[in-house]
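So you can see what is in the structure, the chains are spelled out below.
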Amino acid sequence: MKTDLSLRKIIGLLQKGEVSALDLVKAYLEQIEAYNKKLNVYLSVNTKVLALAKTIHGKPDARYPLLGIPIAIKDIFLTKNLRTTAASLVLDDYIPAYSATVVTKLEEAGAIVLGKTNLDAWCHGSSTETSDYGPTKNPWNINHLPGGSSGGSAVAVATDLAPAAMGTETAGSVRGPAAWCGIVGLKPTYGRVSRYGVIAMGSSLDSPGPLTKTVEDAAIILNVIAGKDPNDATTSPTNFDDYTNELEKGVKDLKIGIARDYLLPNMDSKVKDLIISAAKLFEKLGAKVDLVKTLDPRFAISVYTVVQRSEVSSNLSRYDGIRYGRDRKYFGQEAKRRIMLGTFTLSTGYHDKYYKKAQKVRTLFIDDFNKVFKKYDLLIGPTMPGPAPKIGVTEGQAMFGEMADVLTEPTSISGLPGISVPCGFVDGLPIGLNIFGPQFSEGIILRTAYAYEQSTSWHKQKPVDFKKVIIL
Amino acid sequence: MNNYTTIIGLETHVELKTASKMFCGCPSNHFGKPPNTQTCPVCLGLPGALPVPNKKAIEWSLMIGLAFNCKVSNFSKFDRKHYFYPDLPKGYQISQYDEPLCYEGYLDTSEGRVGITRVHIEEDTGKLQHTTISGSDMTLVDFNRSGVPLVEIVTEPDIRSAAQAKEFAQRLRSILRYLNVSDCDMEKGSMRLEANISLLQEFPISKFQFPINKNKSQLTKLPNYKVEVKNINSFRFMEKAILFEVERQKKLLESGYTPKQETRGWNESKNITVAQRSKETAADYRYFPEPDIPPMVFDDSYIKGVSSKIPELPQKIESLFIKKYNLRQQYAALLVSEKSLALYASDSFKEAASLGVDPDIVAGYIINQKINIDKVKPQDLVKDIKSKSESKVGDTKVIETWVDEAVKNLPQAVSDYQKGKLNAISALVGKVMQLSKGSADAKVVLNLLEKKLSSSKN
Amino acid sequence: MANKTEITFTSESTAKIADLAKLKVEKKEENYLAKQFNQTLEVIDGLNKLNTQNIPETSQVTGLKNVFREDVVDKKRSLTQKEALSNSKKVHNGFFVVKAVFDSES
Chain H
1 MKTDLSLRKI
11 IGLLQKGEVS
21 ALDLVKAYLE
31 QIEAYNKKLN
41 VYLSVNTKVL
51 ALAKTIHGKP
61 DARYPLLGIP
71 IAIKDIFLTK
81 NLRTTAASLV
91 LDDYIPAYSA
101 TVVTKLEEAG
111 AIVLGKTNLD
121 AWCHGSSTET
131 SDYGPTKNPW
141 NINHLPGGSS
151 GGSAVAVATD
161 LAPAAMGTET
171 AGSVRGPAAW
181 CGIVGLKPTY
191 GRVSRYGVIA
201 MGSSLDSPGP
211 LTKTVEDAAI
221 ILNVIAGKDP
231 NDATTSPTNF
241 DDYTNELEKG
251 VKDLKIGIAR
261 DYLLPNMDSK
271 VKDLIISAAK
281 LFEKLGAKVD
291 LVKTLDPRFA
301 ISVYTVVQRS
311 EVSSNLSRYD
321 GIRYGRDRKY
331 FGQEAKRRIM
341 LGTFTLSTGY
351 HDKYYKKAQK
361 VRTLFIDDFN
371 KVFKKYDLLI
381 GPTMPGPAPK
391 IGVTEGQAMF
401 GEMADVLTEP
411 TSISGLPGIS
421 VPCGFVDGLP
431 IGLNIFGPQF
441 SEGIILRTAY
451 AYEQSTSWHK
461 QKPVDFKKVI
471 IL
Chain L
473 MNNYTTIIGL
483 ETHVELKTAS
493 KMFCGCPSNH
503 FGKPPNTQTC
513 PVCLGLPGAL
523 PVPNKKAIEW
533 SLMIGLAFNC
543 KVSNFSKFDR
553 KHYFYPDLPK
563 GYQISQYDEP
573 LCYEGYLDTS
583 EGRVGITRVH
593 IEEDTGKLQH
603 TTISGSDMTL
613 VDFNRSGVPL
623 VEIVTEPDIR
633 SAAQAKEFAQ
643 RLRSILRYLN
653 VSDCDMEKGS
663 MRLEANISLL
673 QEFPISKFQF
683 PINKNKSQLT
693 KLPNYKVEVK
703 NINSFRFMEK
713 AILFEVERQK
723 KLLESGYTPK
733 QETRGWNESK
743 NITVAQRSKE
753 TAADYRYFPE
763 PDIPPMVFDD
773 SYIKGVSSKI
783 PELPQKIESL
793 FIKKYNLRQQ
803 YAALLVSEKS
813 LALYASDSFK
823 EAASLGVDPD
833 IVAGYIINQK
843 INIDKVKPQD
853 LVKDIKSKSE
863 SKVGDTKVIE
873 TWVDEAVKNL
883 PQAVSDYQKG
893 KLNAISALVG
903 KVMQLSKGSA
913 DAKVVLNLLE
923 KKLSSSKN
Chain Y
931 MANKTEITFT
941 SESTAKIADL
951 AKLKVEKKEE
961 NYLAKQFNQT
971 LEVIDGLNKL
981 NTQNIPETSQ
991 VTGLKNVFRE
1001 DVVDKKRSLT
1011 QKEALSNSKK
1021 VHNGFFVVKA
1031 VFDSES
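In order, the protein sequence lines correspond to chains H, L and Y. For the record, in the first sequence the residue sitting at position 183 is 183 according to the numbering used here, with numbers rising by one throughout. Going from the second sequence to the numbering used here is simple: count from 1 and add 472. Going from the third sequence to the numbering used here is simple: count from 1 and add 930.
Looking at chain H on its own, in the form it has when it is part of the complex (with noise of 0.2 Å):
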């Protein structure tokens, strides 16, 4: 069978018996097995997917919505008897004893974990260029990168190496990838998805998120990994109602916003054209749209830097060697670069100067979105400055991922929610069109994309470069 088909429509398949849970996966496994060694997308398949697919003999309902559908998930989801690396030396041999929440859920509701994919290791990085285990490729030209951290998941869903993938964001790690890969990323508000059992990087920050074909497969796994998580105190108690149900229901009520401020002066004047037509576009779809002017987001990179690299210091202390994994001497640069200047930022004589200062600019920039958002809905803006760089770029880089992750980096510190789409090329790369909105307005922001997507046709592309056989 075909692996290019998107969650609803496998979900139909099955539904309608067309297809077994044992087609899906043999079918997967094979594109994995042609294409994997050269993308680098799985760090770990699951061995026991065959057996768990012939144990699957239900149709997806609303009980089991996910009923027999393999998903890729990024490696810094714990999954319990399933190698988790967090793409680190450090946890090269790590089986852990317990699934993450969002894991759980996903099971819960039927699904199979196919593998684990790659990342910058303890996803620090932008690029999937700082994993232990070499980088992934970029599927439109595989000298570029991917994006990250999640590119892994990126990739595997632009490939068709899963239907759908998780991911997790700090700041662009799923908005990022999602871009540069031609698919969709989902961020969901902090607190909407659980962080338990996700190995952390900015505990104030993460939040894992979907990377799919659609915008409505977005939905369907938001669907099922929302929601209040007893073990994940800072998980939200707000109730929402099927994503799905929003999608139909346009955008003509909208007031939105183009964050003037994101189309940075020394950016690529073709991403700008880009965002503008798309803003054309909801006009025509009835929304009201202005240009809007916000607190200049380049601000919100050291504010980022600051925290995430804080939290990431104090996060990756529990990593002795003792109980589990390999001692510190493993940790790879960008890590040690990323602990040293948290412990450093944090330590005293510096804690007012830096940690204190960034929170404090954080609060502005959350007065600053609470203050905008009281006039418009959504705002709009390019998800990364420019398409996807050439692999190697990182290199000596020592703020690569923050620079590069500058749109995304105001939403994350102010815990807001924004949703990925593609929304045309540059240099035959894909670049993404950054949706994003007030603390749990996932589902305007995902009808505002659904409304975009369907009167556009860019996610329909596919790319064919990682196809091309190299003759030596």
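Hints are computed from structural coordinates only; laboratory data are not their basis. All values derive from a computational prediction rather than experimental measurement. Take the hints with a grain of salt, since some may be wrong.
[Stated by the list, open to error] Here are the simulated DSS-like cross-link-like pairs (lysine-lysine), alpha carbons at most 27 Å apart as the crow flies:
1. H:LYS360 / Y:LYS1006
2. Y:LYS979 / H:LYS353
3. Y:LYS1019 / Y:LYS1005
4. H:LYS59 / H:LYS9
5. H:LYS252 / H:LYS375
6. L:LYS599 / Y:LYS1006
7. L:LYS528 / L:LYS842
8. H:LYS356 / Y:LYS1012
9. Y:LYS946 / H:LYS353
10. L:LYS915 / L:LYS489
11. L:LYS915 / L:LYS855
12. H:LYS390 / H:LYS468
13. Y:LYS995 / L:LYS776
14. H:LYS356 / H:LYS371
15. Y:LYS1012 / H:LYS80
16. L:LYS880 / L:LYS923
17. H:LYS80 / H:LYS26
18. L:LYS842 / L:LYS880
19. H:LYS329 / Y:LYS958
20. Y:LYS1029 / H:LYS48
21. L:LYS527 / H:LYS228
22. L:LYS702 / L:LYS638
23. Y:LYS995 / H:LYS374
24. Y:LYS979 / H:LYS371
25. H:LYS228 / L:LYS528
26. H:LYS356 / Y:LYS995
27. Y:LYS1029 / Y:LYS1019
28. L:LYS781 / Y:LYS1020
29. H:LYS270 / H:LYS288
30. L:LYS788 / L:LYS528
31. H:LYS462 / H:LYS26
32. H:LYS9 / H:LYS105
33. Y:LYS995 / H:LYS371
34. Y:LYS1020 / L:LYS599
Following the hints, put chains L and Y in place on chain H, whose structure we already have.
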């Protein structure tokens, strides 16, 4: 020779006896359990695990603070305290830094009021054990204790003597037991004391202008060093350790040295404090607000509710015993040390008052005859005392001969009593009763013994 | 937005931080890392352009408060001794093992 004021502050850690741990559902009763059998992802510090605070532990901590006359913060939060040690699974301890649950309280002792700086909640660490495995020195780690709720109570440097420190700690333990929130067993480690000790040289006030008030710390200046003494696992050791430190520091100061600011441990076999090996790098705990736990906000009605759950506390009962029943202070203090005993005594006194028996005699009976309060009903006890006193030999001449014999027979008890171990008198009373085959009037015996022992002193 | 940073890392301060973070940094790495840290600090110093007088700090964005669990033993997440020790390189009679650390009793 200079005069010195002893400056002591105490830090007390007590494990709460909640059913579950501070941030996870593992049982918190860890004593004597096989190693690493009471852990989960949270308290073992596994990747991805997150803490969720125990409601009861928070409530109990507030209760403790209120019992020590503290203010309760309307806003409080957890912070991460970072350091590396094999018993600390996450590389940080979830504790409280600048927004403790409770602050600015006090506890009165017979030598004056002791300020309580703060009361906060944190998690306990795992336990280390030193051993040799095939010839090399190794440390074994058990995480059963990891994550058990631990309350820290910090005093102001208001304590002026070893005896006051001991009294303070005893009163503190007694209150905690009344609250029924901790076993406070020092041997099992559910109560741990640390003393910060330093000496302040007293100069003529006219010259240096800082008033020294020995009861309440209105010291405008503290010594420029302090010595922290750890590893104290009984009140007696604490007293000894403080006395030792005071002498040690005095000697140093006399010879012109400032004692080194350091952590020392009490070595109970040698009866000395010993400098603990200090790590080369100074600690920098890099506190920051725990991002995994939302902050805590307590409104006044909630605090009132917690406050209403606090039972009557020993000091109040003690003064009631003295005032209402005319008890000697020493008896009153002993009887309120445990809540069950205090209740028993209180019931007995009510009975005694109605039967016309002197409650002080009843108190003496309870203490000296080691009455089993679980078996003997207060009514029966008082009836017994009344009937005995009516049929007793009350002739002092006769009793005196038994007293003399008892004193001769039990020289150890006599010297213990004279050294201040007042309980030792019960052995002598027992001896007299034995000699009299139970016929002597206990009140007369006690009076004669007390007279005898104080007159034969020196 | 790069500025000349007021605080400059040297190889010594880098070594000190590495020690605090319990990381081993080779002598030859120190200089390189110091340079990278200075690069990062130059960016971070951009924060000083914003006035934050009287602005409170935000360390959490959820607005949640008083999130507690009831005091009940929950065995669902309990690990057996075998599970607890399963990923450890060195165990002995049910304990984790580390090279001797000398504590108070030394």
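Going down the list of hints, with the structure as the test:
1. H:LYS360 / Y:LYS1006: The given pair, whose Cα atoms are some 40 Å apart, is violated under the 27 Å limit.
2. Y:LYS979 / H:LYS353: Measuring from Cα to Cα gives roughly 13 Å; hence the hint holds.
3. Y:LYS1019 / Y:LYS1005: The hint holds at about 26 Å.
4. H:LYS59 / H:LYS9: holds (13 Å)
5. H:LYS252 / H:LYS375: Holds - the C-alpha atoms of LYS375 (chain H) and LYS252 (chain H) are around 16 Å apart, at most 27 Å.
6. L:LYS599 / Y:LYS1006: With a Cα-Cα distance of about 24 Å, the restraint between LYS599 (chain L) and LYS1006 (chain Y) holds, given a limit of 27 Å.
7. L:LYS528 / L:LYS842: Violated - the C-alpha atoms of LYS842 (chain L) and LYS528 (chain L) are around 36 Å apart, more than 27 Å.
8. H:LYS356 / Y:LYS1012: The given pair, whose Cα atoms are some 43 Å apart, is violated under the 27 Å limit.
9. Y:LYS946 / H:LYS353: Status holds; Cα separation ~19 Å.
10. L:LYS915 / L:LYS489: violated (41 Å)
11. L:LYS915 / L:LYS855: Since the Cα atoms of LYS915 (chain L) and LYS855 (chain L) sit roughly 15 Å apart, the hinted pair holds (cutoff 27 Å).
12. H:LYS390 / H:LYS468: OK: LYS390 (chain H) and LYS468 (chain H) at ~18 Å, within 27 Å.
13. Y:LYS995 / L:LYS776: Cα-Cα ~19 Å, so holds.
14. H:LYS356 / H:LYS371: Satisfied, since the Cα-Cα distance of roughly 23 Å is no more than 27 Å.
15. Y:LYS1012 / H:LYS80: Between LYS1012 (chain Y) and LYS80 (chain H) the Cα gap is close to 15 Å, so the pair holds against 27 Å.
16. L:LYS880 / L:LYS923: holds (15 Å)
17. H:LYS80 / H:LYS26: Answer holds: LYS80 (chain H) to LYS26 (chain H) is near 22 Å, not above 27 Å.
18. L:LYS842 / L:LYS880: Roughly 23 Å between the alpha carbons, so the hint for LYS842 (chain L) and LYS880 (chain L) holds.
19. H:LYS329 / Y:LYS958: Since the Cα atoms of LYS329 (chain H) and LYS958 (chain Y) sit roughly 16 Å apart, the hinted pair holds (cutoff 27 Å).
20. Y:LYS1029 / H:LYS48: violated (38 Å)
21. L:LYS527 / H:LYS228: Measuring from Cα to Cα gives roughly 18 Å; hence the hint holds.
22. L:LYS702 / L:LYS638: holds (15 Å)
23. Y:LYS995 / H:LYS374: Roughly 24 Å separates the two Cα atoms, so the pair holds.
24. Y:LYS979 / H:LYS371: holds (21 Å)
25. H:LYS228 / L:LYS528: holds (21 Å)
26. H:LYS356 / Y:LYS995: holds (21 Å)
27. Y:LYS1029 / Y:LYS1019: Answer holds: LYS1029 (chain Y) to LYS1019 (chain Y) is near 12 Å, not above 27 Å.
28. L:LYS781 / Y:LYS1020: violated (48 Å)
29. H:LYS270 / H:LYS288: Holds - the C-alpha atoms of LYS288 (chain H) and LYS270 (chain H) are around 24 Å apart, at most 27 Å.
30. L:LYS788 / L:LYS528: holds (26 Å)
31. H:LYS462 / H:LYS26: holds (22 Å)
32. H:LYS9 / H:LYS105: Holds, at roughly 21 Å.
33. Y:LYS995 / H:LYS371: Holds: LYS995 (chain Y) and LYS371 (chain H) sit about 23 Å apart, inside 27 Å.
34. Y:LYS1020 / L:LYS599: Holds. LYS1020 (chain Y) to LYS599 (chain L) sits at ~17 Å (cutoff 27 Å).
Checked against the numbered hints above, the structure violates hints 1, 7, 8, 10, 20, 28; every other hint is satisfied.
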